[in-house]
Amino acid sequence: DQQVKQNSPSLSVQEGRISILNCDYTNSMFDYFLWYKKYPAEGPTFLISISSIKDKNEDGRFTVFLNKSAKHLSLHIVPSQPGDSAVYFCAANTNAGKSTFGDGTTLTVKP
Amino acid sequence: EPEVTQTPSHQVTQMGQEVILRCVPISNHLYFYWYRQILGQKVEFLVSFYNNEISEKSEIFDDQFSVERPDGSNFTLKIRSTKLEDSAMYFCASTQRGLSTEAFFGQGTRLTVV
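So the sequences go chain by chain: S and Y. Using our numbering, the letters of the first sequence correspond one by one to residues 1 to 111. Using our numbering, the letters of the second sequence correspond one by one to residues 1001 to 1114.
Keep in mind that the hints were calculated from the coordinates and are not lab data. For every residue, glycine included, the Cβ atom is placed at its ideal position computed from N, Cα and C. Check before you lean on any hint, since a few could be wrong.
Non-contacting residues of chain S with respect to chain Y, defined by C-beta distances greater than 12 Å in every case (computed) [to be verified]:
#1 24
#2 28
#3 55
#4 66
#5 68
Which residues of chain S face chain Y? A few of them, derived with a C-beta cut under 10 Å, are [claimed, not checked]:
#6 4
#7 91
#8 96
#9 101
BS3-like mimics (lysine-lysine), calculated; alpha carbons at most 27 Å apart, straight line [unchecked claim]:
#10 Y:1078 to S:98
#11 S:98 to Y:1057
#12 Y:1042 to S:68
#13 S:110 to Y:1042
#14 S:68 to Y:1057
#15 S:5 to S:54
Isolated chain S, as found in the complex (with noise of 0.2 Å):
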């Protein structure tokens, strides 16, 4: 039982455009929705996060939407830029202390 998905495994943008990274999650009882930017060999580096009680939280240009009637959040990179080019993962996390990883999405931005 996947309990969060991210259903693109790559995503190709050119620079300066919007980036746009999806996530869905079954589980109801997720209290936080995180995204983590990964290079090889590296582990995650934190990006972002929102609570399960927001919609919407904004980072300068990253910002994460949250719709849980549909259970899906949603990474935007805008502007995109070349540094951006990694593997995104998404997590959702429990208040007791438990984590969830979607799969990844590997993100390339062409200059």
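Start from chain S and add chain Y according to the hints.
Below, chain Y alone, put in the same frame as chain S:
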């Protein structure tokens, strides 16, 4: 900038042997975690640890695994009787206030079981 450090960066072990992966979390963090990522697969949660006890664990974290905070700085993952399928990157992470806040991850230990 404070960081989570993990040692060793790469560990090769024979099947059936025990390994201990070590982590030094960020000093003022109170919550500690282990994750693993099998090559080409997703990052999987193993266990969370707070106040010297396990808070949550996944189905993966069976009796073969154990965690310990032997002193004020280290946080270890022990894998007994390793199997080939235990080969993966193991990531340690820590947070200040549980999983409502960002987790800081270490660089990982690549475990290869031969």
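query: Which numbered hints does this structure break?
result: none
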